[in-house]
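Throw the hints in and build the complete structure from the sequences for me.
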Amino acid sequence: MTSIHAPGPSQPSFEDLGRHLRVTTFCVVDLETTGAGPDSEITEIGAVKVCGGEPLGEFQTLVRPSVPIPAMIQVLTGITDAMVATAPSPAEVIPEFVRFSDGCVLVAHNAPFDVGFLKRACGQLGIRWPNPVVVDTVTLARRVLPKGEVINCKLGTLAAHFRATTRPDHRALSDAHATVEVLHALLERTGRLGIDTVEDLRELLLHVSPERRAKRVWAKQLPEAPGIYWFEREGRDANGSPHTEVLYVGKSRNLRKRVASYFSAAEQRTRIHEMVRVATGVRGIECATDLEAQVRELRMIAARSPRYNRRSRNQHRLWWLKLTSGSFPRLVATRTPSPGDLFWGPFPGLAAARESARAFRDAFGVLERRHHRSSRGSWVIPEPEGYETGVERLRNAWLGDVRELLASASPRLAELVAQEHFEEAGELTDRLLAAHQTSRRFHRVRSLAGCPELVAAAPEHGEWAVHVIRFGKLAGAARARTAQVPETAEATRELSETVREAPGGLPAGSFEEAERIADWLESPGVRFLDTVGDWAWPAHCALDQERVTELITTGVVGRSR
Numbered sequence: 001m002t003s004i005h006a007p008g009p010s011q012p013s014f015e016d017l018g019r020h021l022r023v024t025t026f027c028v029v030d031l032e033t034t035g036a037g038p039d040s041e042i043t044e045i046g047a048v049k050v051c052g053g054e055p056l057g058e059f060q061t062l063v064r065p066s067v068p069i070p071a072m073i074q075v076l077t078g079i080t081d082a083m084v085a086t087a088p089s090p091a092e093v094i095p096e097f098v099r100f101s102d103g104c105v106l107v108a109h110n111a112p113f114d115v116g117f118l119k120r121a122c123g124q125l126g127i128r129w130p131n132p133v134v135v136d137t138v139t140l141a142r143r144v145l146p147k148g149e150v151i152n153c154k155l156g157t158l159a160a161h162f163r164a165t166t167r168p169d170h171r172a173l174s175d176a177h178a179t180v181e182v183l184h185a186l187l188e189r190t191g192r193l194g195i196d197t198v199e200d201l202r203e204l205l206l207h208v209s210p211e212r213r214a215k216r217v218w219a220k221q222l223p224e225a226p227g228i229y230w231f232e233r234e235g236r237d238a239n240g241s242p243h244t245e246v247l248y249v250g251k252s253r254n255l256r257k258r259v260a261s262y263f264s265a266a267e268q269r270t271r272i273h274e275m276v277r278v279a280t281g282v283r284g285i286e287c288a289t290d291l292e293a294q295v296r297e298l299r300m301i302a303a304r305s306p307r308y309n310r311r312s313r314n315q316h317r318l319w320w321l322k323l324t325s326g327s328f329p330r331l332v333a334t335r336t337p338s339p340g341d342l343f344w345g346p347f348p349g350l351a352a353a354r355e356s357a358r359a360f361r362d363a364f365g366v367l368e369r370r371h372h373r374s375s376r377g378s379w380v381i382p383e384p385e386g387y388e389t390g391v392e393r394l395r396n397a398w399l400g401d402v403r404e405l406l407a408s409a410s411p412r413l414a415e416l417v418a419q420e421h422f423e424e425a426g427e428l429t430d431r432l433l434a435a436h437q438t439s440r441r442f443h444r445v446r447s448l449a450g451c452p453e454l455v456a457a458a459p460e461h462g463e464w465a466v467h468v469i470r471f472g473k474l475a476g477a478a479r480a481r482t483a484q485v486p487e488t489a490e491a492t493r494e495l496s497e498t499v500r501e502a503p504g505g506l507p508a509g510s511f512e513e514a515e516r517i518a519d520w521l522e523s524p525g526v527r528f529l530d531t532v533g534d535w536a537w538p539a540h541c542a543l544d545q546e547r548v549t550e551l552i553t554t555g556v557v558g559r560s561r
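Read in order, the letters of the sequence shown are residues 1 to 561 in the working numbering.
Keep in mind that the hints were calculated from the coordinates and are not lab data. Note that the structure is predicted; figures quoted are calculated from it, not measured. Check before you lean on any hint, since a few could be wrong.
[As the list claims (entries may be wrong)] Derived lysine-lysine pairs resembling DSS-like cross-links, with alpha carbons at most 30 Å apart:
1) Lys220 - Lys257
2) Lys49 - Lys154
3) Lys154 - Lys119
4) Lys49 - Lys119
[Claimed, not checked] Ranges between beta-carbon positions, derived for each pair:
5) Asn396 - Glu234: 53 to 63 Å
6) Gly103 - Glu188: 18 to 28 Å
7) Ala536 - Glu234: 46 to 56 Å
8) Gln60 - His273: 22 to 32 Å
9) Ala303 - Gly533: 46 to 56 Å
10) Glu494 - Val23: 25 to 35 Å
11) Glu245 - Thr165: 26 to 36 Å
12) Arg500 - Asn254: 29 to 39 Å
Every residue, glycine too, gets a C-beta built ideally from N, C-alpha and C.
Right, here's the structure in full:
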C-alpha cells in the first residue's frame with residue numbers, strides 16, 4: 001500500500017515531466033494558399049525540421065490547386081498559376097509531408113491557420129491526421145514577451161525584433177526558416193521561466209497556473225502500477241476539529257502517470273481544475289489487478305461520496321419494481337425490496353421504474369393500483385380470474401422468460417403502425433427493449449449473487465490476474481506468474497474476505513460492483529479454476545437481437561427456441 005499526503009517540494013525528473021526541449025524534434029511549417037476561406041487550397045508547403053538548435057532536414061514543394069490563384073494572392077506571394085500548373089497534386093504532397101513530420105512537435109506562426117489546412121487536406125484524402133503536439137509561435141510570443149516589447153506579434157515584426165537572418169517574404173520555406181529563428185529566441189525566454197519540457201511548454205500555452213504545476217510533484221512518489229488514488233482537502237469541521245474531506249476518487253493502470261496528468265495541459269475539465277486548486281494532497285493504494293482497482297474505486301466512492309465525482313455516487317440508491325401480495329397484487333416502485341418480495345430491476349430513477357411498470361401493465365394487465373379508470377372515466381376493479389392469469393405471466397417474465405412480454409406488443413404495434421402513429425409505436429418499442437435489457441442485467445447479476453464462490457484467472461500485463469468472487473462480491477485478488485497460478489489461487493482463496501449471502505438474491509456488494517465483476521468474467525481469456533455452486537442464467541431471460549426483433553414484430557413465441 002502506498003500513501004502520499006502533501007509531500008514537500010522536490011524537483012521532478014525529466015522522465016516524470018516529459019520530453020526535454022533540448023532533445024525534442026520540431027517540424028516548423030508554413031503554407032501558402034489561395035486564400036483564407038474554407039474553400040481555399042494549399043499552393044506551397046515549406047518546412048524545416050530542427051532538434052537542439054540544429055537543422056535536420058527541409059521540405060519544400062509547390063502544390064497544384066484545383067482552382068485559380070486570385071490575382072491579389074499572386075502579387076502577395078509571387079506564386080502564379082503558371083508556376084503551379086505542373087506542380088504535384090495534394091494527393092502526392094500531403095502523404096509525403098505527413099511522413100516528414102511524423103513524431104515531431106509541429107510549429108507554425110498562427111498555427112490554427114496552417115494546421116487547419118493540413119487537417120482538412122488529410123480528411124479530403126482519407127489520411128488519418130496524426131494529431132501531433134502543436135506550438136503556435138504567435139501565442140507563445142504573447143505569453144512570453146512583456147507588454148510593449150513589440151508592437152504586434154506578426155512574423156515580420158518578431159523576426160526583425162530578434163534579428164533573424166531570414167526575412168519573411170510570403171514564401172513557405174523562407175517563412176518557415178524565419179519562424180525557426182523566432183521559435184529559438186522565444187524558447188530562450190521560456191528557459192528563464194523554468195520551462196524545460198514539451199509538457200511545460202503546452203501548459204504555458206494553455207495558461208496552466210504555476211500553482212497547479214507546482215502540485216505535480218505529488219505524483220512522483222506514487223507507483224507506476226494499477227490502483228486507486230484520491231485527492232483530499234484538510235481543514236476543520238463545524239466544531240473546529242481537524243477534518244479531511246475526500247474530493248475525488250479515481251483508478252488507473254498507472255497511478256503516477258494518471259495523477260501527473262491532472263497538473264498538466266492535458267486536463268481541460270473546469271471542475272477538475274477547481275478540485276486540484278483546493279486539494280491539499282493525494283493518496284494512493286496500489287492494487288494487484290485492474291479489477292481490484294475498479295472495485296476499490298466503487299467502494300470508496302460509495303463510502304465517501306466525493307463531491308467532484310459524478311459517476312457511481314448512488315450505487316445503493318436504486319429503484320426496483322415489486323409485486324405486492326394479496327388477492328390483487330400490484331406493481332409498486334420501491335427503493336428497499338424486502339427479502340420475501342418478488343422484485344425486478346434495478347432502475348436509476350423513479351421515472352425509469354414507472355416506464356417499465358407501464359410496459360408490464362400494457363402487456364399483462366397488472367396494475368399499479370387496485371382499480372383503474374375505464375374509457376368512460378369510472379373506476380373499475382378487474383376480474384379476479386383474468387387478473388390472476390396476467391399476474392402469473394408477469395411472474396414468469398420476472399423469473400426469467402421475457403418472450404411473452406416481447407410478443408405481447410406485436411398486435412398493438414401493428415395497430416399503431418397501421419394508424420401511422422409512428423411516434424407512439426417507437427415509444428412502445430423502446431419500453432420493451434429497455435425491459436429486455438433490464439431482464440438481462442437483473443439475471444446476469446442475480447445468478448452471480450447466488451454463487452457461493454468463483455475462482456478465476458486471466459492474462460494481464462504479462463502475468464495472471466487471479467480473483468476470488470463470493471456471492472457477487474470481490475473477496476480477493478492477486479497477481480501471479482504462469483507457473484504460480486494454482487498455488488497463488490489457493491493462497492488467495494484462504495486469505496480472501498468471508499462474505500455472507502445477501503437476502504433476496506441481491507449481490508453481497510453493490511449491483512454496480514457485481515456488473516464489473518461479470519464484465520471481467522465474460523471477457524476473453526478468463527479461465528475458471530474452481531467453482532462452488534452454480535453460475536447459470538435462466539434460458540430466456542435475454543435473447544439475441546434478431547430474436548427480440550422477431551418477437552416484437554410477429555408476436556410468435558416458439559417454445560422450441
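Against the structure, the hints come out as follows:
no. : hint                        : result
1   : Lys220 - Lys257             : holds, 9 Å
2   : Lys49 - Lys154              : holds, 22 Å
3   : Lys154 - Lys119             : holds, 23 Å
4   : Lys49 - Lys119              : holds, 19 Å
5   : Asn396 - Glu234: 53 to 63 Å : holds, 56 Å
6   : Gly103 - Glu188: 18 to 28 Å : holds, 24 Å
7   : Ala536 - Glu234: 46 to 56 Å : holds, 50 Å
8   : Gln60 - His273: 22 to 32 Å  : violated, 42 Å
9   : Ala303 - Gly533: 46 to 56 Å : violated, 29 Å
10  : Glu494 - Val23: 25 to 35 Å  : violated, 51 Å
11  : Glu245 - Thr165: 26 to 36 Å : violated, 58 Å
12  : Arg500 - Asn254: 29 to 39 Å : holds, 35 Å
Checked against the numbered hints above, the structure breaks hints 8, 9, 10 and 11 and satisfies the rest.
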